[in-house]
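S.K.: Join the two chains, each given in its own frame, into one complex according to the hints.
So the sequences go chain by chain: A and B.
The first sequence begins at 1 in the numbering used here and counts up by one.
The second sequence begins at 1001 in the numbering used here and counts up by one.
Just so you know, these hints were derived from the structure itself, not from any lab.
Hints may contain errors.
[Unchecked claim] Calculated pairs, DSS-like style, for lysine-lysine (alpha carbon to alpha carbon, straight line, at most 27 Å):
1. Lys1038(B) <-> Lys49(A)
2. Lys1094(B) <-> Lys1038(B)
3. Lys1038(B) <-> Lys54(A)
4. Lys1125(B) <-> Lys140(A)
5. Lys140(A) <-> Lys54(A)
[What the hints assert, rightly or not] Label-pair restraints from in silico Cβ distances:
6. Asp1041(B) <-> Met144(A): 24 to 32 Å
7. Phe38(A) <-> Met1096(B): 47 to 55 Å
8. Phe1117(B) <-> Val52(A): 45 to 53 Å
9. Leu1003(B) <-> Val52(A): 51 to 59 Å
10. Leu1003(B) <-> Thr66(A): 55 to 63 Å
[Stated by the list, open to error] Rough simulated footprint, nothing fancy, chain B against chain A, three-plus residues with beta-carbon under 8 Å:
11. 3-15
12. 53-64
13. 74-87
14. 96-102
15. 137-147
The C-beta atom is built at its ideal place from N, Cα and C for all residues, glycine as well.
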Amino acid sequence: MTMFHSMNTTTSALTAQRLRMDVISSNMANVDTTRATFENGEWQPYKRKSVVLKPQGEHFSSFLHTAMYKPSNAGQGVTVSRIIEDNETPGELLYDPEHPDANAEGYVEMPNVDPLREMVDLMSATRSYEGNVTVFNANKSMMMQALQIGRS
Amino acid sequence: MNLFSGTITSLERGLDYSAVKQKVIANNVANVDTPGYKSKDVSFKSILQNEIQLSSNPADPRHFDLSNTQNDAPAITRRPYSIRENGNGVDMDKEMADLATNQIYYNSLIERIGGKFGSLNSVIKGGGQ
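Bound-form chain B, shown alone (with noise of 0.2 Å):
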């Protein structure tokens, strides 16, 4: 039996997507006046289709295993279109959707790791206090 159970390592997880989309999303604003650059992205959804896909016999369809997750970087792709005439195809309004969007899931995540240090304390403290 596993002290931590797995959610923490599949929290880890969550944050290093969410870390990675911001060094993703601070590059694409970053470079919003650069001829030719292409935006980029991190996709996290096509590992999580893997994983579902890979994990065996659940007892629900819905259920699926994270505990075997490899230790893959999130995939950083290349958008290859562009908005501008200058080639360009950073969407400033989709970047900072975005940046609201991750801010909110990584604050979540921090939550939800952090109440389950608390839980864990609360067990070691024997319930007291």
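Pulled out of the complex, with its shape left as it was, chain A reads as follows (with noise of 0.2 Å):
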């Protein structure tokens, strides 16, 4: 609980909101790459991306720190804590007995990448950095009023 402490904890949203987006990006990008891992002897597809968050000092020693020295535990921001791919969602077949890595039948396996939901989930991440670039504002102006105190 130091004097920046809440701009740190702003600025750790704005990190992962920013990780968030290259996530994001990196899966747009990628949207036809049909030749990311090579597994088993063939190309695979690439795998959407998506980030995990979890709560910043939300940990034992900090619960532990908290019912020793009673400290007001605010909280210390938000963390990516892994990128995981999504081995679920079944990719488009699509028809392209021409392609390199069509199959047997002529099928080639597209990334399972859904453009629309990346610019949900971009939207998402816009709105959320910019919630948190308020937060550091308010909290930068009333730093400033502060300095204020006691001058004439």
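M.R.: And the structure:
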């Protein structure tokens, strides 16, 4: 709980949302990539990736610290715990016998990326980012006000 | 006779609350997309209520004594409900409204504490200048 605590909190969210946007960009860029990984002698299409967010500082040691010294535990923001690949959703099968990755029947498995879903996720990430920028600016103006104490 | 007459201390406590509130709002907004996260809140009113009940023999029932406040930090509580499918309980509209409220509250306290220092300054200088 230092002076810049809430700014650090907000910054962690900005970083996380920015990473989320990076992952969405990667998904959109690879919407037609059929050769992402080479497994068991054949090329696999790109798999949709997404981030997993988790609150920062919500682990055992921070709870113990709270219990022992009783500082107010306001939380320390958010962090990306990992980036997961979607292996459940099947990719669309496209009939294209000319394609080098086509199977025996002439079908090519495309990545399981849905552009609509990515756009919705992108909008969500943008709005969350904007919300955090608002909080940051509010915090900044409050700190600037605090500096005015004692000035005549 | 205390030079600062307890006003500065009271205002300081208000600022303490407001600063913690700001941290909690920042954390709630940061976790707006975290699955299973539950929104946090700072309770100041309950502490105030305790103070009102504890103050002994007020001349008027509307008077209460804030000078003997304990230095316990504002309590952070967890709102257990969720408003979204993934178990997240952050209401963005509420957080933004709280943010605006908290900002005005903080600025008004700063304004008052500045005014208090101004008065003291005036007294020290003997009212001149």
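S.K.: Can you confirm whether chain B covers the segment 137-147 of chain A, using C-beta to C-beta distances below 8 Å and requiring at least three such residues?
M.R.: holds (count 6)
S.K.: Do Leu1003(B) and Thr66(A) keep their Cβ atoms within the hinted range of 55 to 63 Å?
M.R.: 36 Å, violated
S.K.: Does the alpha-carbon distance linking Lys1038(B) and Lys54(A) stay inside the 27 Å limit?
M.R.: Status holds; Cα separation ~12 Å.
S.K.: Look at the Cβ atoms of Phe38(A) and Met1096(B) and judge whether their distance stays inside 47 to 55 Å.
M.R.: 48 Å, holds
S.K.: Okay, Leu1003(B) versus Val52(A) on CB: inside 51 to 59 Å?
M.R.: 55 Å, holds
S.K.: Is it true that the CA of Lys1125(B) sits at most 27 Å from the CA of Lys140(A)?
M.R.: 33 Å, violated
S.K.: Tell me if the straight-line CA distance from Lys1094(B) to Lys1038(B) falls inside 27 Å.
M.R.: 14 Å, holds
S.K.: Are the Cα atoms of Lys1038(B) and Lys49(A) separated by 27 Å or less?
M.R.: 25 Å, holds
S.K.: Three or more residues of the segment 74-87 of chain A near chain B by CB distance under 8 Å?
M.R.: Answer holds; 5 residues pass the 8 Å Cβ test.
S.K.: Examine the segment 3-15 of chain A: at least three residues should have C-beta closer than 8 Å to a C-beta of chain B.
M.R.: holds (count 7)
S.K.: Please test the hint of 24 to 32 Å on the beta carbon pair from Asp1041(B) and Met144(A).
M.R.: 26 Å, holds
S.K.: Counting residues of the segment 96-102 of chain A with a beta carbon closer than 8 Å to any beta carbon of chain B, are there 3 or more?
M.R.: Violated: only 0 residues of the segment 96-102 of chain A have a Cβ under 8 Å from chain B.
Consistency note: the structure conflicts with the earlier hints numbered 4, 10 and 14.
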